[in-house]
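> With the hints as constraints, model all of the structure from the sequences given.
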Amino acid sequence: MASEGQSVTGYIQHHLQNLAYGKLPEGYERLDAEGHVSSVLTQDTWTIAHTAQEAADMGFWAVHVDTLGWSLALGSIFCLVFARVAKNATAGVPRGMQSFVELIVEFINSTVNDTFHHKNRLVAPMALTIFVWVFMMNLMDLVPIDWLPLAAAQVTGDPHLFFKVVPTTDPNATLGMAIGVFLLMIFFSIKNKGIGGFMRELALHPFNHPVMIPFNLFLEIVGLIAKPISLGLRLFGNLYAGEMIFILIALLYSAGLIWGVGGAIMQLGWAIFHILVITLQAFVFMVLTTVYMAMAHDVDEEH
Amino acid sequence: MNINLTLIGQTISFAMFVWFCMKFVWPALLGVMQERETKIANGLEAADMADKDLELAKQKAAQNLREAKEQAATIVEQANKRGVQIVEEAKEAARAEGDRLKTAAKAEIEQDANRAKEELRGKVAALALAGAEQVLQATIDDKAHSELVNKLAAEL
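Going down the list, the sequences are from chains S and W. Here my numbering is used: the first residue of the first sequence is 1, the next is one more, and so on. Here my numbering is used: the first residue of the second sequence is 1001, the next is one more, and so on.
It cannot be assumed that every hint is accurate.
Below are the DSS-like pairs computed for lysine-lysine, each with C-alpha atoms no more than 27 Å apart in a straight line [as the list claims (entries may be wrong)]:
{"id": "1", "chain 1": "W", "residue 1": "Lys1039", "chain 2": "W", "residue 2": "Lys1052"}
{"id": "2", "chain 1": "S", "residue 1": "Lys119", "chain 2": "S", "residue 2": "Lys23"}
{"id": "3", "chain 1": "S", "residue 1": "Lys119", "chain 2": "W", "residue 2": "Lys1023"}
{"id": "4", "chain 1": "S", "residue 1": "Lys193", "chain 2": "S", "residue 2": "Lys119"}
{"id": "5", "chain 1": "W", "residue 1": "Lys1151", "chain 2": "W", "residue 2": "Lys1123"}
{"id": "6", "chain 1": "S", "residue 1": "Lys227", "chain 2": "S", "residue 2": "Lys193"}
{"id": "7", "chain 1": "W", "residue 1": "Lys1039", "chain 2": "S", "residue 2": "Lys119"}
{"id": "8", "chain 1": "W", "residue 1": "Lys1039", "chain 2": "W", "residue 2": "Lys1060"}
{"id": "9", "chain 1": "S", "residue 1": "Lys191", "chain 2": "W", "residue 2": "Lys1106"}
{"id": "10", "chain 1": "W", "residue 1": "Lys1106", "chain 2": "W", "residue 2": "Lys1091"}
{"id": "11", "chain 1": "S", "residue 1": "Lys191", "chain 2": "S", "residue 2": "Lys227"}
{"id": "12", "chain 1": "W", "residue 1": "Lys1091", "chain 2": "W", "residue 2": "Lys1081"}
{"id": "13", "chain 1": "W", "residue 1": "Lys1039", "chain 2": "S", "residue 2": "Lys87"}
{"id": "14", "chain 1": "S", "residue 1": "Lys227", "chain 2": "S", "residue 2": "Lys119"}
{"id": "15", "chain 1": "S", "residue 1": "Lys87", "chain 2": "W", "residue 2": "Lys1023"}
Quick look at which bits of chain W chain S covers, simulated, 3 or more residues with Cβ under 8 Å [as the list claims (entries may be wrong)]:
{"id": "16", "region": "1005-1018"}
{"id": "17", "region": "1044-1056"}
Don't read these hints as lab results, they were simulated from the structure. Keep in mind that this is a model prediction, so the values were computed, not measured. All C-beta atoms, glycine included, are put in the ideal place defined by N, C-alpha and C.
Dropping the structure here:
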C-alpha cells in the first residue's frame, strides 16, 4: 500500500529506516524530498532524522526511538503481566493467565535445567526474560506492516515519519542484547575460573604448548567475539528477512486487484509460517544464551 | 541500519528486565509451582496410603466374616447335636415314663385283682357259710365256726 508518489524502492527503504533521534552538526545541509537544500543548521541540533542520510550522518550518538520504545513497551508488558501473575499466584489450582504463565515458566525451567547444571539464580530468569521478550518483539512482525507506521504518521502529522515496529529487525536491539549476554559470559567466566583460569583457557586451548599461545589467542578470541556477534546477527537476520518478505508482499497490494488478492493469500501463508520462525528464533536465542552461560561455568575442563 | 546509542540502550533495558524478572517474577512463580508439586506429591502419597489402608481393611473384614461364618457353623453344629441329644433324652425320658406308668398300671391292676380276689374270697366264704347253713339246716354258731370257715377261706 505504497502512498502515491512513492516509488517501490522508496517504499521499501522507508520501511527499513528507523526513527532516529540524534545530533546534527553545525553547518549541516538538510535536504527536502526532492534533494534540494532546504535549510542549513546554524548550530548543533538534536532532532529527528528526516532522511536515511541524515540518520547515517548522526553517527553513534543517536537513538532509534521506535526500536527502544517498542522494546521497552513490550518488555514492560512482559514484566507487569508476569509480576502480576507471580504476585497473585496460588499453589492451588492454577487458572487462566496463571496456567499460561506457568506453562512458559515450566518450559523454560526444564530447558534451562537440561543444559545448565550449575547453581545460579540469574540464568533461568534471564532465559525466561529473553524468550518472552524476544518472542513479543518478533511478534510485532505479524502486525500488518503498514498499520502502525501509518497510525504513527497520523498521530504525529508527519507523512514521512520513519517508524519500524519490530525491534528485532534493528541490529542495535539484537546486538545490544547479545552484548549483555557477552558481558555476563565474561563476568561468570572470570568469577568461576579466575582471571588466570580465563586467560589460560584463551591462551592454552586448543594447543597446549607455549609456542602456540599467539595462535591459540587468535583462535579463541575470534571464537569468543563470534559468539555474541552470531547470537545477535542470527536473530536480526532471520527477522529482517521475514520483515523484508512482508514488505515485498505488501507491495502487491498497490499492483491491482488480482495481485492484491494473491498478496493477501501470500501474506497469510507467510504469517502462519512466520509464527514458527519467531518462536524458534526466540527459543534459539534463549538456548544459546543458556549454553554460553553453562560454558562460562564449566571449570573442570582441563586442556 | 546504523549502529548507534540504541545498542547501549537496549543492553541497559535488557539488564533491567532480567533483573526485574529475577527479583519479582521467577522466584515467586517457581516457589508456587514447587509448593504445588509438593502438595500433589503428598496428596498422591496419601491416596496410596488410603488405598493400602482400604486393602487392609477389606482383608480384615473378609477375615472377620470368615471367622464369624466358622463360628456360626460351629454353633449351628453344636445346636444340632444338642437338639438331637435333647430329642434322644426326651425319647428316653418318655420311654422311661411310659415304662413307669405301665408298671404302675400293672401294679394297680394286680392290686385291684388281688383286692377283687380277696373280696371274692370273703364273699365265697360267706356264701360257703350260707350254703353250709342251708345244707346243715341247723344253726351253727357263727362265732364257733366262722373262725374255721375264715381259715378255710384263706386257704382258697
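> Assess, step by step, whether the Cα of lysine 227/S is no farther than 27 Å from the Cα of lysine 119/S, and give holds or violated.
Status holds; Cα separation ~23 Å.
> Would the pair lysine 193/S and lysine 119/S pass a check requiring their Cα atoms to be no farther apart than 27 Å?
holds, 15 Å
> Holds or violated: lysine 87/S and lysine 1023/W, Cα atoms, limit 27 Å.
Holds. Lysine 87/S to lysine 1023/W sits at ~12 Å (cutoff 27 Å).
> Do the alpha carbons of lysine 1039/W and lysine 1052/W lie within 27 Å of each other, as the hint requires?
Roughly 20 Å between the alpha carbons, so the hint for lysine 1039/W and lysine 1052/W holds.
> Please check whether the region 1005-1018 of chain W has three or more residues whose CB lies within less than 8 Å of a CB on chain S.
Coverage by chain S holds here, the residue count being 13 at a Cβ distance below 8 Å.
> The region 1044-1056 of chain W covered by chain S? Criterion: 3 or more residues, Cβ-Cβ distance below 8 Å.
violated (count 0)
> Assess, step by step, whether the Cα of lysine 119/S is no farther than 27 Å from the Cα of lysine 1023/W, and give holds or violated.
holds, 16 Å
> Quickly compare the C-alpha distance for lysine 1039/W and lysine 87/S to 27 Å and report which way the hint goes.
holds, 20 Å
> Is the Cα-Cα distance between lysine 191/S and lysine 1106/W 27 Å or less?
The hint is violated at about 130 Å.
> Is the straight-line distance between the alpha-carbon of lysine 1039/W and that of lysine 1060/W 27 Å or less?
Measuring from Cα to Cα gives roughly 31 Å; hence the hint is violated.
> Take a quick look at whether lysine 191/S and lysine 227/S sit within 27 Å of each other, Cα to Cα.
holds, 19 Å
> Is the hinted pair lysine 1151/W and lysine 1123/W satisfied, with a Cα-Cα distance of at most 27 Å?
It holds: about 14 Å lies between the C-alpha atoms, which stays within 27 Å.
Violation of the numbered hints given earlier is confined to hints 2, 8, 9, 17; the remaining hints are satisfied by the structure.
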